[in-house]
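Chains A and B, in that order, are what the protein sequence lines are. Residues in the first sequence are numbered from 1 upward in steps of one, following the numbering used here. Residues in the second sequence are numbered from 1 upward in steps of one, following the numbering used here.
What the hints contain is simulated information worked out from the structure, not anything from laboratory work. Honestly, I wouldn't trust all of these hints.
A partial selection of chain A residues facing chain B, derived with a Cβ cut-off under 10 Å [unchecked claim]:
no., residue
1, F356
2, P357
3, L358
4, Q362
5, E364
6, R375
7, G401
8, H402
9, Y404
10, R461
Glycine residues also receive a C-beta, built at the ideal position from the N, C-alpha and C atoms.
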Amino acid sequence: MPILPPGINETDFSAALGQFAETVGTNWVFTSDEDVALYRDAYSPFWGSDEEKLASAAVAPESVEEVQQIVRIANRYRIPLYPISTGKNYGYGGSAPVHSGSVVVDLKRMNRVLEIDERNATCLVEPGVSYFDLYNAIQEKGAKLWIDCPDPGWGSPIGNALDHGLGYTIGHFRDHFGSHCGMEVVLPNSEVLRTGPGGIPGSKTWQQYQYAFGPQLDGIFTQSNFGIVTKMGFWLAPEPEAFREDTVAVYNHDDLIPLVDVTSYLTNSSISNGLPGLGSPLLRADSDPEHIALLQTSDRPALERYGREKNIPYWTCNIKTYGPKEVINAQWAHAREKFASSIPGATFTEGEKLEFPLTYEQGEEYQQGRIAGGRVDFGIPNLSIFQIISRTPWNPDPKFGHYYFSPIIPKTGEAIFEASKVFTEAYDQLGLSRPPQGITSLPALYYQRSAMLLMALQVTRNVEVDRKNRTAFKELIKIAAEHGWGEYRTPPAFQDDVMNAYSFGNNALRRFNETIKDAIDPNGIISPGKSGIWPKNMRGA
Amino acid sequence: MANRREFLQMGIAASALPVSTGLMLPNKSSTAENISPSIPIYKVIFDNRYAVARVFAKDTENAGGKTYGIDGDITSLWYHDLRHRWKKGPAAIAGLTDANALFCLEQLAWSACQMHLIYSTEHKPTDGSKKLIGSFPESPLLLAAEKVMHYPKREAIPLPPYSSLSTDDIDSLVSWVIAPTKRV
Chain A
1 MPILPPGINE TDFSAALGQF AETVGTNWVF TSDEDVALYR DAYSPFWGSD EEKLASAAVA
61 PESVEEVQQI VRIANRYRIP LYPISTGKNY GYGGSAPVHS GSVVVDLKRM NRVLEIDERN
121 ATCLVEPGVS YFDLYNAIQE KGAKLWIDCP DPGWGSPIGN ALDHGLGYTI GHFRDHFGSH
181 CGMEVVLPNS EVLRTGPGGI PGSKTWQQYQ YAFGPQLDGI FTQSNFGIVT KMGFWLAPEP
241 EAFREDTVAV YNHDDLIPLV DVTSYLTNSS ISNGLPGLGS PLLRADSDPE HIALLQTSDR
301 PALERYGREK NIPYWTCNIK TYGPKEVINA QWAHAREKFA SSIPGATFTE GEKLEFPLTY
361 EQGEEYQQGR IAGGRVDFGI PNLSIFQIIS RTPWNPDPKF GHYYFSPIIP KTGEAIFEAS
421 KVFTEAYDQL GLSRPPQGIT SLPALYYQRS AMLLMALQVT RNVEVDRKNR TAFKELIKIA
481 AEHGWGEYRT PPAFQDDVMN AYSFGNNALR RFNETIKDAI DPNGIISPGK SGIWPKNMRG
541 A
Chain B
1 MANRREFLQM GIAASALPVS TGLMLPNKSS TAENISPSIP IYKVIFDNRY AVARVFAKDT
61 ENAGGKTYGI DGDITSLWYH DLRHRWKKGP AAIAGLTDAN ALFCLEQLAW SACQMHLIYS
121 TEHKPTDGSK KLIGSFPESP LLLAAEKVMH YPKREAIPLP PYSSLSTDDI DSLVSWVIAP
181 TKRV
């Protein structure tokens, strides 16, 4: 038998498990060591240490009514629950609870695609639906719609959106919570709430209008512990006619500033609606000893000179555009003109041009030679990303996974330079490995008006090394906060620290969350500790 | 860091796996109470990028088994094959792949039909040689049965390794079995 929930005696826990089994069937209550082990976070920064966050059991309901009954039982016995959708949130916690001893509520059996509305380009799904499932349902229906998925296609649209996950296709569809429309939530008192127009019985616009009358509540159910989301609507993208990807290259260090500015203008004007991708060929050492030697120095003019001589750009940006063929060709012509007039010496390369639809098999062909990106640009789910967990000098034993330090910074070249300087110095002070020429973690530009750094720390499964890395991670959170940057998402190991960094007004944000928590979940049964929100009886413990 | 490694010494358990088309593990798995009494292996997965895995696949096919080659990425295997098969119910698979592919398959097998990784052995390279030494196991089926009956220890079980195989860019590979277990 795995661990008990803290403060719960074996008699009560057995009684609760028995009632869970009466609710969902004995086959869907998991208590054996080997079953519960599968709810460990395979990427846990605590792996093998006494601090590792572990489930006590898992229960897998099939319906909203079963979820409600599980919540009632949990209230009766004060059992902490930890709901997961498909539980594939690797790098940010996986399916392991924040509070050790919680019972995982595994929603994988609630896997119905309830509605696909091609005319309005919307869908309604349950939490156990994966991106593969939703993609397949759309294909089987023959609907000309795209999903937007993250790299691993086995995740849940609901779970990903609730954790502020992101994807790769068109404009606002990349922001998965931002493109949701309507939720159904089992509250901690077991009542069922529907947000938006779903509050009207028989609503005809639940997946079409994001607001309701009164406060819009949806946001409080993301990265939180205020309920268990059992349905969620999403807006889908109508399948575009065509796609093109082009590259602009610039050769001076400071060219990054106008490069980002023009990219932002194009994005914010919807002239380019794809995910821009920043790169730096010059900061990536090749086999030329002169290049390698230059990267070890701080002689930027010499490096720039070398780059111009060898035609190696300091910075590049991939510009992706989706739409009617004639339109995107015109959009690229305009984008090119904007870059050329803003950045003397910029060069341009025309890249991939595709017309849709692509079959799954054509997507597979497109993926050949690519690990990251590829099919996800077209909303085709896959698992290719797991090959990227490859061996590098900074990741000597890759099979144990990683977790991300991911602060949001302003979307400007100046901010990128500042963050690079700050975190390069921080990495050195903290003894973290990094590439020789700065961190080179160029930001991801998923969001329209901000940028995200993604710096992976490796899980070594060496208890001492992992402990040092956790300490370093917490320092990075503090350093980021001192510069006005906060993380968008983090594994359970660091959720208290990140929430504490949002300290404006004497931690008014956290205290307000706690006020809500205490009011709606007085027994503290739903995901205690999630995002640093602890119920009253566990605060300060 | 050198990425060209040598694959040595630890045996390739995979050639010993029981395979489908009527081949099953013995039903006297008394040392593994949680395991199903017989485990037909639906398909044996190999990583097509590595010569040692290709030989292993050929060996499996010679023993009557069905194989599926991947190139590190299990997406096609999942999308075109396993998800359809596992919708009908649990079906054991085995393989010789890298750890990333096994990680994905273990997760998918649990989510799809509550199957477990019941056996795995990591095969690490040893510097200094590009050859594998030893001989093929004489009775793959018996050897596989023996391994599975060690469940749930999940210990590395030394196996007779392949002989004289050139190595590829291998960091390490894992031989493994994922199979249904009885619920306890």
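Problem - Numbered hints the structure breaks, given as an ascending list - result: Hints 1, 2, 3, 4, 8, 9 and 10 not satisfied by this model.
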